[in-house]
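Student: Chain by chain, the residues:
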Amino acid sequence: MSEITPENVRHLASLARILVTDEEVEKLAKELDVIVESVAQVKSAVSEDTPATSHPIPMANVYREDEVKPSLSQQQALSNAPDQAEGKFKVNAILDEE
Amino acid sequence: MAKAELMDFDKAIEKYEVVIGLEVHVELNTNTKMFCGCANVFGNEPNTNVCPVCLGLPGALPVVNGKAVESSIAIGLALNCSIAADGRFARKNYFYPDLSKNFQTSQYDEPIAYEGDLDVPVASGKVFTVGIERAHMEEDAGKLTHVGGAGRIQGAEHSLVDFNRAGVPLVEIVTKPIYGAEAEAPELASAYVRQIREIVRAMDVSDARMERGNVRCDANVSLRPRGQEKLGTRTETKNVNSLRSVENAVRYEIQRQAHILESGGSITQETRHWHEDKKYTSAGRPKSDADDYRYFPEPDLVPVQPSDELIEKIRSLLPENPASRRVRLQSEWGMGDLEFRDIVNSDLLDEVDQTVSLGASPQAAKKWWTGEIARIANVEGKEFTELEITPKDVAELEEMIQSGKLNDRLAREALAGVIAGEGNVSEVMASRGLEVVSDDGALTAAVDKALAEQPDVLEKIKAGKEQAAGAIIGAVMKEMRGQADAARVRELILERAKA
Amino acid sequence: MSEVYKKPASELAHMVQNKEISSVELTKLFLDRSEKLNPLTNSYLQITRESALEQAENADRMIASGEAPSALTGVPIAVKDNLTTTDAITTAGSKILENYLPQYDSTVVSKLRAAGMPILGKTNLDEFAMGSSTEFSAYGPSKNPWDLERIPGGSGGGSSSAVSGFLAPIAIGSDTGGSIRFPAAVTGSVGAKPTYGAVSRYGLIALASSLDQVGPVTNDVTDAAMLQDVIAGHDPMDSTSLTESLGQMAEFAKNNDVKGLRIGVIKQLASDGFHPGIKARFDESIQLLTDAGAQIVEVDCPSFEYAVSAYYLILPAEASSNLARFDSVRFGKRVLPEGSPTIERVMAATREAGFGPEVKRRIILGTYALSSGYYDAYYGSAQKVRTLIQRDFEKAFAAADVLISPTAPTTAFKFGEKLDDPLAMYLNDIATIPANLAGIPGISVPNGLAENDMPSGLQILAPAMKDGLMYSAAAGIEKLHNDQWGKRMIDFAPELGVN
Ligand SMILES: [Mg+2]
Ligand SMILES: [Zn+2]
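Residue numbers (this note's numbering), protein chains in the order written: chain A, 1 to 98; chain B, 99 to 597; chain C, 598 to 1096.
Everything labelled a hint here was simulated from the structure, so no lab data went into it. Keep in mind the model is a prediction, meaning the values are calculated, not measured. Some clues are possibly wrong.
Taking beta-carbon pairs under 7 Å as the criterion, some of the chain C residues facing chain A (in silico) [unchecked claim]:
{"id": "1", "residue": "Ser662"}
{"id": "2", "residue": "Ala665"}
{"id": "3", "residue": "Tyr793"}
{"id": "4", "residue": "Ser836"}
{"id": "5", "residue": "Ser925"}
{"id": "6", "residue": "Val926"}
{"id": "7", "residue": "Glu949"}
{"id": "8", "residue": "Ser978"}
{"id": "9", "residue": "Lys981"}
Derived coverage of chain A by chain B (criterion: at least 3 residues anywhere in the stretch with Cβ under 8 Å from a Cβ of chain B; other residues may be distant) [said to hold, decoys possible]:
{"id": "10", "stretch": "26–32"}
{"id": "11", "stretch": "36–46"}
Note that beta-carbon positions come from the ideal geometry of N, C-alpha and C, so glycine has one too.
Please put together the full structure from these sequences, using the hints given.
Tutor: Here it is in structure tokens:
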């Protein structure tokens, strides 16, 4: 049975904020299904008590002094902004979620 | 969206058991942000406290602010929490234009502090022990302003983003479900928030100014018919940003939900938004599978493993806990319960305490803060923290009165001047010329003038009717535009009469 | 004596610092050659003549004043286009960053500037370093100088084709699962991935934060060691940056005697799946090492069979989050759909148009691996496999000082051969991925010609922090080969641009 359905892909694409056409959804579902089926073997490789490694070289407690460092100027900050106004980044109206 | 129909509060409490849960976000007052060296300050020009890290530019990496970690541990300890020996940051993934990386660096299953409790007294004198589930570190988002559509997100033409606040350190404190507060639930909610605020202010880890959003509360409310095991569906009212609002919002939700349940409806699990102006909550986004935040350990940061030494050092520096502090102050000041609670409930304990420690008498300090200052705040519709007045000013004011340099009327005028931003008490006295005249020369002249104008009164006094002096005192005070020491004037009159 | 442009960087540095040739002359030489040949190889996305010459003049001044800040001062270098540069557009091979001029320099680039190494240009890569052939670059693939019909490896095919085609004497790459080592293997050059954290990632546009590492791409081992000395070192801007120094790699590389060296052959990477020619060259090298007095042992790493699967869960998961910031708010491309779209739709349309197929594939795969209900099975299990692989390495390094394997199962394939078969493409990394999962250093050195008379590579792995040992062993094997061949393998490469 296939792990990845077109419905999955549609939901995942919306979580990832990527617009997808129906053709893309079909294509991705097929490709991802093959990949997932193959990578799913990790499940069988490990057991409950195997510790997880999220960082290759164990380190801890790396901190910064609470000292102010120079920031960018407003002009530098906005230098790559696709759109701006009043010293701020300008974006289209936000989907009303209130 | 108008107010919903509400059930009478007492009726609601009678029929339903109220369960509340509170999430309080505390903005830390560190010099710099959580993960970068940008200044953590309020009110600068937009996008001037930003850098590649807090702007989420490609390739930038976070580095944890050690001071923020210590402040978070301090908060955890003050809430009687255990401190995690191995805590980690996690990414909370969701897209929003004020979130520069489109994930919030937060903590998930390994918060820095967990399993604590806090005793919260309410007006009735009852003390509730609120269970603390966790306190975790995270970063604030940027600030959105909506243009068009009356500045609301609804119907706005576009929005503007300022990232100065992005990356400001937050500690999110989450309570366990709070049962059994009954009719006191709304008050308990605000008392809890007030106490959190007292604690972080006392520890000086946050400016704790709610009007600036330094302390923000999300209130979860659910009702269940009495005797029912299963918890009711809850709503989460977002960003209730004053103590007043916390109480009102919880009360409103109880009445709103009660009405719905009563009329056979069911509660939708959703976030709601409190409108302080019109005193109602409006529906927000319903919970959905769109809320899949895909938390995973932040690979750009390493674990937080505070040593026992560090934890104990921080513990040893903790200030006295508010509850026992209140007990101590009440007895030190020799106040009755009502009198003392008057101070606590008007949220002026710190101010009165500081004023007293600067030399004023407890009674006087209380009088000024809960009286004239509270009145002015009320008139101006401000939090007293917004007024230009400090305990130092009040103490100085009281000192002037004690030394006879000010009488009560002049003192009020001086206070008004200070609040109007004209400087400290002595500066205002100088600029407004508010000093009680005790220079005998000037006073004697005024006395003689008054006596000359009312010879009959002089005769009465000579005849031993000293109470008649009142008329002369009045005249002299009038002449001196109130700036005279009435007692001294009386002495002078009597001297003259005997002469 | 060969043409100047074919000399190793170590010799060029010597010539410049002895004023036999100026850095400006040398830089011009490579700029001219690059401008002439780049149309053939598409190694560079951008050749930065002006800034390169400025930096060269600066280098000459440094040398004139008798204070060359590094052993490579004056030698021009090519930089992979996923490292930010304030004076050159940085695209990461993606359309979404078409015109992006970064507001800050990556730490590695700052170090190159400080070392007086002029930057010739930014080299091509698969979009966001996702790929093994540069066919996923939004700006067209780079070509393999040995056969322009074939891929130069990926993701760092721009740097490998620049160095192996002598368009640059030396280059910077980044390696997340083999993106330095695989390109080196298929172009007959040398590529090293240092221990995770040895080189700062600040300013490296992140693919998978816990796997990414920046490293040298060169034509011999000494050059690689010298370049690592320039770019390595603790960086307070990168929380995962190593605090301790690993020593001077150039010194280690001088010790090139393999006598008595315990060399482990990884059973799982010496058998099926590797093309016959690859296998044959590998066995010959083992014999060569044995004859030279090295001690060959077989080591068993059973968990390696899960490495590719774990990698293709961890990488997409981290990438899906790292690439969320490309949302058209603060920088980068913005695509406006028809009508009056909300920002949500603008973001989705931008990411649809701005990302290529492989990037979308991996983002969605990663989103899946992290989504609720699947996390434990996929991302969680993959992180556990990581632990198993580290344990395998621990055991292996108890029996051997260094480990060797073929760098890749095949030689350079033809364009399009694997484009429609992601899984086949992913399997190129089978030998290189384990080092990234475990954070250990790995290097690929030329290992003779195999299928289609194309280069093959030999990979040498050393324990974490033992990069020096890796360079010694690599220098030893390189010497044995060069003595046998009479010259460097790269000197067998066909002359570019001749008919
Ligand atoms: Mg939170
Ligand atoms: Zn910043």
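Student: Could you check if Ser662 (chain C) really has its C-beta closer than 7 Å to a C-beta on chain A?
Tutor: violated (29 Å)
Student: Just to be careful: measuring from the Cβ of Ser925 (chain C) to every Cβ in chain A, is the smallest value less than 7 Å?
Tutor: holds (6 Å)
Student: Minimum Cβ distance from Ser836 (chain C) to chain A below 7 Å?
Tutor: Hint on Ser836 (chain C): holds, closest Cβ of chain A at ~5 Å, below 7 Å.
Student: Hint Glu949 (chain C) vs chain A: min CB-CB distance below 7 Å?
Tutor: This interface hint holds because 4 Å falls under the 7 Å limit.
Student: So is the stretch 26–32 of chain A in contact with chain B by the C-beta rule, three or more residues under 8 Å, or is the coverage claim wrong?
Tutor: violated (count 0)
Student: Checking C-beta pairs, does the stretch 36–46 of chain A have three or more residues closer than 8 Å to chain B?
Tutor: Contact hint for the stretch 36–46 of chain A vs chain B: violated, 0 residues under 8 Å.
Student: Can Tyr793 (chain C) be said to touch chain A, with a Cβ gap under 7 Å?
Tutor: It holds, given that the least Cβ distance between Tyr793 (chain C) and chain A is near 5 Å, below 7 Å.
Student: Take the shortest C-beta to C-beta distance between Ser978 (chain C) and chain A; is it under 7 Å?
Tutor: Constraint on Ser978 (chain C) satisfied, holds at 4 Å.
Student: For the hint on Val926 (chain C), just tell me whether its beta-carbon gets within less than 7 Å of chain A.
Tutor: holds (6 Å)
Student: Was the hint right that Lys981 (chain C) lines chain A, CB cutoff 7 Å?
Tutor: holds (4 Å)
Student: Is the interface hint satisfied for Ala665 (chain C)? The criterion is a beta-carbon contact with chain A at less than 7 Å.
Tutor: It is violated, given that the least Cβ distance between Ala665 (chain C) and chain A is near 30 Å, above 7 Å.
Consistency with the previously given hints fails for numbers 1, 2, 10, 11, ordered from lowest to highest.
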